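Following the hints, complete the assembly by docking chain B onto the known chain A.
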Amino acid sequence: MSSAPIADRSFNPKGFFADKLRTIAPLLTLVALVIFFSSTTTTFATMDNAVNIIRQMSITGIIAVGLTFVILTAEIDLSVAAVANAVGITVAYFTIQPDYVNINNIPLNGWIAIILTLLSALAFGLVTAFGMTKIGIPSFIMTLAIMQIANGVSALLVRGQIAYQYPDLITTLGSKTAFQIPLGVDAAGKALFIPVGWTIIVCLIFFIVGHFVLTYTRFGRYVYMVGGNREAAEYSGVNVKLIIAAVMVISALCSGIAGMLGVAYFGSAQQNQFDTYLLDAIAAVVVGGTSLFGGKGGIGNTIIGLLVLGVVNNGLDHIQMDSFQKILIRGLILLAALVINVYVEKFRERA
Amino acid sequence: MKSPVADATEATVNGVQTPLIELRNVSKSFGGVVALQGVDFSVNPGEIHGLVGENGAGKSTLMKIIAGVHTGYEGEMRVEGRLVQFRSARDAIAAGIGMVHQELSVVPDLSVAENVFLGVQPVKAGGIIDWAGMKAQARTLIASLGLDLDPNTRVGSLPVGVQQLIELSRVLFSGARTIILDEPTSALSPPEVARLFVALRKLRAEGRGLIFISHFLDDVLEISDRITVFRNSRRVATELRANLDKDKIIGHMIGRGSAEMHMGETAVLNARQDEPPLLAARDISDGRSLNGVSVELKRGEITGMYGFMGSGLIEFARALFGRHAFSRGSITLEGKPAHFRSTAAARRAGLAFVPENRSMMLFRTEPVYKNVSIAMLDRIHKLLVKPQEEREVAKHHIKDLQIRPPLTDIPLGSLSGGNQQKVALAKWLTNMPKILILSEPTRGMDVGAKEDVIRIIKTLRDKGVSILVLSTEPETILTLADKIYVVKRGAVVSELSSGTVTKSDLLAAA
Numbered sequence: 015m016s017s018a019p020i021a022d023r024s025f026n027p028k029g030f031f032a033d034k035l036r037t038i039a040p041l042l043t044l045v046a047l048v049i050f051f052s053s054t055t056t057t058f059a060t061m062d063n064a065v066n067i068i069r070q071m072s073i074t075g076i077i078a079v080g081l082t083f084v085i086l087t088a089e090i091d092l093s094v095a096a097v098a099n100a101v102g103i104t105v106a107y108f109t110i111q112p113d114y115v116n117i118n119n120i121p122l123n124g125w126i127a128i129i130l131t132l133l134s135a136l137a138f139g140l141v142t143a144f145g146m147t148k149i150g151i152p153s154f155i156m157t158l159a160i161m162q163i164a165n166g167v168s169a170l171l172v173r174g175q176i177a178y179q180y181p182d183l184i185t186t187l188g189s190k191t192a193f194q195i196p197l198g199v200d201a202a203g204k205a206l207f208i209p210v211g212w213t214i215i216v217c218l219i220f221f222i223v224g225h226f227v228l229t230y231t232r233f234g235r236y237v238y239m240v241g242g243n244r245e246a247a248e249y250s251g252v253n254v255k256l257i258i259a260a261v262m263v264i265s266a267l268c269s270g271i272a273g274m275l276g277v278a279y280f281g282s283a284q285q286n287q288f289d290t291y292l293l294d295a296i297a298a299v300v301v302g303g304t305s306l307f308g309g310k311g312g313i314g315n316t317i318i319g320l321l322v323l324g325v326v327n328n329g330l331d332h333i334q335m336d337s338f339q340k341i342l343i344r345g346l347i348l349l350a351a352l353v354i355n356v357y358v359e360k361f362r363e364r365a
Numbered sequence: 253m254k255s256p257v258a259d260a261t262e263a264t265v266n267g268v269q270t271p272l273i274e275l276r277n278v279s280k281s282f283g284g285v286v287a288l289q290g291v292d293f294s295v296n297p298g299e300i301h302g303l304v305g306e307n308g309a310g311k312s313t314l315m316k317i318i319a320g321v322h323t324g325y326e327g328e329m330r331v332e333g334r335l336v337q338f339r340s341a342r343d344a345i346a347a348g349i350g351m352v353h354q355e356l357s358v359v360p361d362l363s364v365a366e367n368v369f370l371g372v373q374p375v376k377a378g379g380i381i382d383w384a385g386m387k388a389q390a391r392t393l394i395a396s397l398g399l400d401l402d403p404n405t406r407v408g409s410l411p412v413g414v415q416q417l418i419e420l421s422r423v424l425f426s427g428a429r430t431i432i433l434d435e436p437t438s439a440l441s442p443p444e445v446a447r448l449f450v451a452l453r454k455l456r457a458e459g460r461g462l463i464f465i466s467h468f469l470d471d472v473l474e475i476s477d478r479i480t481v482f483r484n485s486r487r488v489a490t491e492l493r494a495n496l497d498k499d500k501i502i503g504h505m506i507g508r509g510s511a512e513m514h515m516g517e518t519a520v521l522n523a524r525q526d527e528p529p530l531l532a533a534r535d536i537s538d539g540r541s542l543n544g545v546s547v548e549l550k551r552g553e554i555t556g557m558y559g560f561m562g563s564g565l566i567e568f569a570r571a572l573f574g575r576h577a578f579s580r581g582s583i584t585l586e587g588k589p590a591h592f593r594s595t596a597a598a599r600r601a602g603l604a605f606v607p608e609n610r611s612m613m614l615f616r617t618e619p620v621y622k623n624v625s626i627a628m629l630d631r632i633h634k635l636l637v638k639p640q641e642e643r644e645v646a647k648h649h650i651k652d653l654q655i656r657p658p659l660t661d662i663p664l665g666s667l668s669g670g671n672q673q674k675v676a677l678a679k680w681l682t683n684m685p686k687i688l689i690l691s692e693p694t695r696g697m698d699v700g701a702k703e704d705v706i707r708i709i710k711t712l713r714d715k716g717v718s719i720l721v722l723s724t725e726p727e728t729i730l731t732l733a734d735k736i737y738v739v740k741r742g743a744v745v746s747e748l749s750s751g752t753v754t755k756s757d758l759l760a761a762a
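Residue numbers (the working numbering), protein chains in the order written: chain A, 15 to 365; chain B, 253 to 762.
Treat the hints with caution; some may be incorrect.
Distance condition first, Cα-Cα at most 25 Å in a straight line; then the derived DSS-like pairs of lysine-lysine [stated by the list, open to error]:
id, chain 1, residue 1, chain 2, residue 2
1, B, LYS710, B, LYS647
2, B, LYS647, B, LYS634
3, B, LYS316, A, LYS34
4, B, LYS634, A, LYS255
Derived by calculation from the structure, the hints in this document are not laboratory data.
Note that the structure is a prediction, hence the values are computed from the model and not measured.
Bound conformation, chain A alone (with noise of 0.2 Å):
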């Protein structure tokens, strides 16, 4: 660091860049790994691939922004994935199945199941809170409890089987192209396109909405308060367990949609298929920059971290290696973008 005399004493150039560097670390960090795979690969650098890796990471990043809004407050919820899997279950076994899929359920109309299905999430939500706010369970052990019942209802709503049919709103938003983008036209005279999915759209909304009540809404700073000191939100006179109630509903909601539109995304409703979502959401969150200690970060951040992790997934599939290998690397590089972002948080607080 340079140390050029300041005129003001005030202002504090080290704590200013500190600050900067929570979201200069991970776009450098996303800013290599696109070198990288770009110069070691041919396929990895095409308009198609970047659409490709954004439409793999949307449902992951409507989880995200709901995990964003508790991981701001310094609270976690392993749930999310489990209650996708079950929220999207449920939406199904509103649906009337075909034939040959042999599950007992209860077919509605589809505006109806739509919104059954969102209470479900709500009502997920609501217990999460409740174990944590009322009863005073800590957020890593009730939302552990919370998986654990989130897949217990799939499993029971499909036994073993596997659904098909969804509402047909779900099935446009989570499957269905929205618009087009034109390429101009190939060698043979065709034109080009690129399809952009609903779910793009959908997330980016998410994005939006989840910025915008961060930053500009007074639930937003409440948010950040309650991360950045929960004592001093406290004595202030917030309602710090009403936040943190509403941030777990938030996150639970998210989760939820994120759930009806991904097993239309998938083409499927089943068990244990949003596994690995779990760790992509919470890893997509904090690899951006946004602080387990809460307070600090933000869907900017997210949405760094949902790329990060997005180019590492598809960009390993580019590269001539073991796919066993890739499983490795994965981690390695996540336990790197982590390590980052530990020593940033060391830097700022010295600073």
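Positioned in the frame of chain A, the structure of chain B alone reads:
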């Protein structure tokens, strides 16, 4: 160097013998701030040496030097005649010095025997804990302090006084010949104090040396053979018990007769007699720290609550603000019953609270203006935040309270302590609270900042706010209060609402 003070340093109780502990001309400073200056101090075998002085007079610095916590100091220390230079608390323990802290370090979920032998369980061959031996030894040790107790009892289920004796027996087991007791009676009921004194006299009879640090002058006078008084980092007197009484000790503590009369040495109280109280707390008890505290706060009046550390002030302030549950008693606000389940409810009812520790109240990494606006966001905006308005409000307070530097957007952590305290106050001032509760509002502040804060508090009083100031510093209370409650062991022991009150009155009452 001979200090010009009343002196019984050389006097011994049992004739000529080698002191267990002897310090000569010991000085210690922290980054330029002198904490101890040229102190002589000794403890003899078979002696209880009382140590008194106001907060910050240097008692705890001295104890930490003896206990090996502070290692760098000037002067010399001898243990049983041997010159020593401890490098850690471990060295001090090995040299036979034990300490019982005010905050007990027993483990509530372990048994009596396990607590006595914490960390040094006797083992049989193969590293297996010798439970039978441990229990038998524990029983003997505790019995030697006059306690008949099943060693299997869970310590958490025992009264504080007994827990303290268990900690004392742990110190004894470590082989301590000199034992430092820091505020040992502050949490004890009178019969428990009596039992502790029986145990301490037994230890004295065994030839051990005890250092008894306390704010409770009656206790010190009852148990001590010699008493040393500290004031402003110096030892101002060491005298045999027989030559002292409470008035003399207080005189030494506050330096009566010295030409300098400090701010807040005396106060003329003038409480409002006529008006009904704005807030009345009756008989607030929590079964531990509070034993029936009753106070009345009036509009446009500063109520002071004075007490020693551990007297229940901290808990009482939190009980009023909905942060500390109480099992008995009631609060009425403007004549109507009020029981706040959360700090948010208390705030909505018009209460404001600034805790004694700034870090409990402020967001270090957030800009100043967000720290100011947090307690009134719901008044500035319904849904969306308006940072520009928040900055305007903050600017207003920065100017009003002379917060330096006068910037709204720098992180709070870059401000000095006194300015941080002003920000903590500022957050409650935009929408005037009905009742402002201030715990230790001037602690750790330099004189300039202290005066600023006192001026701000008085201005608020004149604007009609009812203010409750809780402090362990008599000066703060005397400077501010219109009415004073003295709190001792979780109960109000004295209510002063008119006439002249001096610092010695407060010290004598508490």
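These are the hints, each one checked on the structure:
no. : hint                : result
1   : B:LYS710 - B:LYS647 : 21 Å, holds
2   : B:LYS647 - B:LYS634 : 21 Å, holds
3   : B:LYS316 - A:LYS34  : 42 Å, violated
4   : B:LYS634 - A:LYS255 : 20 Å, holds
Hint 3 from the earlier list is the only one contradicted by this structure; the remaining hints agree with it.
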